[in-house]
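Chains as they are written, first to last, in my numbering: chain C, 1 to 361; chain E, 1 to 361.
Fair warning: there could be bad hints in the mix.
[Said to hold, decoys possible] Listed next, the stretches of chain E that the computed footprint assigns to chain C, with coverage defined by at least 3 CB atoms under 8 Å from CB atoms of chain C:
1. 25-34
2. 221-234
3. 255-267
4. 293-306
[Unchecked claim] Subject to a maximum C-alpha distance of 16 Å in a straight line, what follows is the list of computed EDC-like cross-link-like pairs (lysine to aspartate or glutamate):
5. E/K3 - C/D29
6. C/K215 - C/D67
7. E/K252 - E/D29
8. E/K318 - E/E355
9. C/K3 - E/D29
10. E/K209 - E/D67
What the hints contain is simulated information worked out from the structure, not anything from laboratory work.
Computed from a prediction, not measured in an experiment: that's the story for all the values here.
Note that CB positions come from ideal geometry on N, CA and C, so glycine has one too.
There are 2 protein chains.
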Amino acid sequence: MSKRIYNFNPGPAALPLSVLEEIQATFLDFAGTGMSITEVSHRSKPFDAIINDAVTRVKRLLGIGDDFKVLFVQGGASMQFAMVPMNLLPDGKSADYVNTGTWSTKAIKETKILGKTVNVAASSEDRNFAYIPKELSLDPNAAYVHITSNNTIKGTQWADFPDTKGVPIVSDMSSDILSRPLDMSKFGLIYAGAQKNIGPAGVCMVIVKNDLLEKANTGLPSMLAYKTYADSNSLYNTPPCFTIYAIDLVLKWLEETIGGLEKMDAVNREKAALLYDLFDASSFYNGTADADSRSLMNVTFRLPSEDLEKRFVEEATKNDLGGLKGHRSVGGCRASIYNAMSMEGIQALVDFMKEFERTNG
Amino acid sequence: MSKRIYNFNPGPAALPLSVLEEIQATFLDFAGTGMSITEVSHRSKPFDAIINDAVTRVKRLLGIGDDFKVLFVQGGASMQFAMVPMNLLPDGKSADYVNTGTWSTKAIKETKILGKTVNVAASSEDRNFAYIPKELSLDPNAAYVHITSNNTIKGTQWADFPDTKGVPIVSDMSSDILSRPLDMSKFGLIYAGAQKNIGPAGVCMVIVKNDLLEKANTGLPSMLAYKTYADSNSLYNTPPCFTIYAIDLVLKWLEETIGGLEKMDAVNREKAALLYDLFDASSFYNGTADADSRSLMNVTFRLPSEDLEKRFVEEATKNDLGGLKGHRSVGGCRASIYNAMSMEGIQALVDFMKEFERTNG
Ligand SMILES: Cc1ncc(COP(=O)(O)O)c(C=O)c1O
Ligand SMILES: Cc1ncc(COP(=O)(O)O)c(C=O)c1O
Ligand SMILES: [Mg+2]
Ligand SMILES: [Mg+2]
Ligand SMILES: [Mg+2]
Ligand SMILES: [Mg+2]
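The whole structure should be built from the sequences, with the hints applied where relevant.
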């Protein structure tokens with residue numbers, strides 16, 4: 001038997017055990033090919049079946065049709081900070097960015113490096129990004145409105161998306177992709193590094209509306225143009241086959257074991273509530289995000305002192321509860337509870353937290 | 001028992017069985033962490049140990065010191081076609097490119113997309129790239145000389161590298177990286193998509209000399225600047241952890257099981273000779289590359305008719321010899337025999353080829 005911990009890492013993060021077991025079982029001989037999935041050609045029928053299945057599952061989960069393309073792009077979400085404006089922000093136009101934390105700040109920085117014009121439509125920097133801004137000063141002529149739907153480090157999440165009066169929303173959903181249903185009619189493009197909710201690190205999923213693709217900027221290097229990926233089903237060059245295979249298995253788990261995004265959302269709400277209720281009932285644990293901006297994915301909290309926080313993380317680790325340290329830029333504690341974190345994991349954490357408060361409070 | 005075939009795919013390609021077995025055995029619990037390697041944080045001690053080990057092994061294998069950086073970059077070799085000139089070709093300078101096939105042609109195309117100046121120093125296009133050019137018209141002021149060391153599709157390889165009078169060579173070594181010793185003093189940068197000689201698809205290894213890094217172009221998006229990777233040990237953002245782990249195991253195999261690049265080279269020469277000797281002794285099988293330009297990695301050949309080639313590939317497949325079809329752009333047959341292809345695999349192929357000639361010749 002392998003030892004398994006409850007893994008609260010922010011990403012790379014826990015994956016469903018059944019997915020890991022299937023990868024392991026088939027690792028030397030994938031689908032009767034006599035090859036590992038790491039050895040199969042990306043120009044083969046077995047791999048075509050995988051990538052097509054993944055695309056179909058994403059579309060079905062999100063309820064989108066042929067007006068969107070689902071792309072697999074390397075370079076992580078960080079590469080998208082540059083690719084989004086390269087492709088979607090034409091010269092002479094500007095884009096609105098809402099600054100809700102570290103990742104939004106980086107998205108803005110990369111856009112400016114390209115010499116493009118950014119309008120910061122709102123920011124919550126005044127209170128260390130502890131909330132999602134309510135008032136946005138949007139430019140009706142903006143090429144797009146960029147939003148970080150879930151702020152992994154600050155522990156905040158957009159509960160609803162704003163009405164942008166027809167300007168397409170571009171959203172970094174790295175830390176909450178496929179964790180809840182979405183009204184996709186509001187979005188022009190969403191992107192997400194795989195390594196939190198949908199698979200191992202090594203690919204970024206980009207879902208883009210055809211009309212944006214059609215008017216995208218031209219003259220880009222092939223690997224930096226969305227069109228290259230859209231025209232080739234992400235097979236212009238060798239894709240990260242193993243990672244896409246693992247993602248396909250996670251998507252299958254999401255559809256067939258969980259039962260889709262409504263069900264996933266309900267479970268995620270229940271999981272997060274167990275922790276937030278504990279904070280609200282205790283003076284020992286305190287959440288860092290405003291109540292109306294709390295993330296269902298990254299639950300950030302503080303203990304009465306940094307010493308206690310250090311001991312908390314250490315003792316949790318000894319109890320096989322891993323990854324609870326807050327991001328180095330903010331300190332404190334953080335429990336990342338993405339789709340694959342089970343209710344049992346949350347329950348184990350809650351039990352540990354109560355015991356730790358009893359003995360240290 | 002898993003079924004295993006002899007896999008002659010051009011990439012993704014065969015990996016050493018012992019590497020696959022180790023990944024499989026540790027897949028649910030990596031190094032006692034209680035997590036899969038796909039779930040381990042890239043900011044953790046266990047992952048640091050992996051990436052540092054990989055870098056150290058590459059340097060030891062190639063006999064290079066701290067004057068080079070070993071980087072892991074996403075996007076495959078195709079992304080390097082653009083990143084090389086973005087970083088290393090300053091405005092007002094030009095670069096020399098030797099055109100030896102499909103991949104060189106693409107490298108040239110991407111450089112031109114960027115509006116940069118290319119001098120084609122030589123080309124073997126006149127005879128469908130069946131040879132490596134001997135005469136190069138090099139520009140002493142070029143920023144670099146770009147060479148595709150092994151032409152995966154055309155089956156040709158540079159046996160030696162030219163004297164470029166101090167101008168650094170930049171080489172796409174996707175299909176022969178770490179297959180033989182190199183005199184690294186000639187090179188400013190080498191790059192290789194992992195999926196042929198060193199691991200699964202999903203990362204490109206870039207080995208670059210510090211002096212080129214120091215004078216590299218600035219003002220690039222973070223993910224497109226080599227400096228970003230060099231300054232962060234390839235951990236600026238989330239790297240493809242699983243792929244880097246697999247590469248580290250392949251490097252360990254290369255050092256500890258094979259015994260380094262001299263040994264690997266000797267084995268590779270022996271393997272290729274078995275096939276080329278067969279061609280030379282037979283009028284049924286004929287190599288497509290000039291004798292002095294033959295690749296030790298991708299052995300391209302023709303049979304007397306396309307019908308026979310089709311039957312050859314089909315019957316080979318039935319005999320568990322996979323991936324022998326030539327690239328769709330050239331036809332014919334191709335046996336890709338990278339580092340991980342065993343002598344037993346070559347012997348099985350040679351036996352099959354003799355039998356096929358006997359019954360169809
Ligand atoms: C919201 C968000 N955006 C972007 C990133 C950067 O992702 P990557 O490491 O894939 O570039 C992260 C990583 O944690 C994130 O949480
Ligand atoms: C020599 C060479 N260069 C570049 C490439 C493209 O590599 P990638 O698919 O990693 O972009 C290949 C792929 O076969 C290749 O053989
Ligand atoms: Mg954040
Ligand atoms: Mg409280
Ligand atoms: Mg070629
Ligand atoms: Mg012959």
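16 Å Cα cutoff - pair E/K318, E/E355: With Cα atoms ~14 Å apart, E/K318 and E/E355 stay inside 16 Å; holds.
For the pair supplied as a hint, E/K209 and E/D67, confirm whether the alpha-carbon distance does not exceed 16 Å. holds, 6 Å
Taking 8 Å as the C-beta cutoff, is the stated coverage of the region 25-34 of chain E by chain C satisfied by three or more residues? holds (count 6)
Is the Cα-Cα distance between E/K252 and E/D29 16 Å or less? Distance of about 20 Å is beyond 16 Å: violated.
With a cut-off of 8 Å between beta carbons, are at least three residues of the region 293-306 of chain E near chain C? violated (count 0)
So is the region 221-234 of chain E in contact with chain C by the C-beta rule, three or more residues under 8 Å, or is the coverage claim wrong? holds (count 4)
Restraint check for C/K215 with C/D67, where alpha carbons must lie at most 16 Å apart: holds, 14 Å
With a cut-off of 16 Å on the C-alpha distance, tell me whether C/K3 and E/D29 pass. holds, 6 Å
Given the hinted pair E/K3 and C/D29, is their alpha-carbon gap at most 16 Å? Holds - the C-alpha atoms of C/D29 and E/K3 are around 6 Å apart, at most 16 Å.
Quick check: do three or more residues in the region 255-267 of chain E have a beta carbon closer than 8 Å to a beta carbon of chain C? violated (count 0)
In the structure shown, a violation is registered for the earlier hints numbered 3, 4 and 7, in ascending order.
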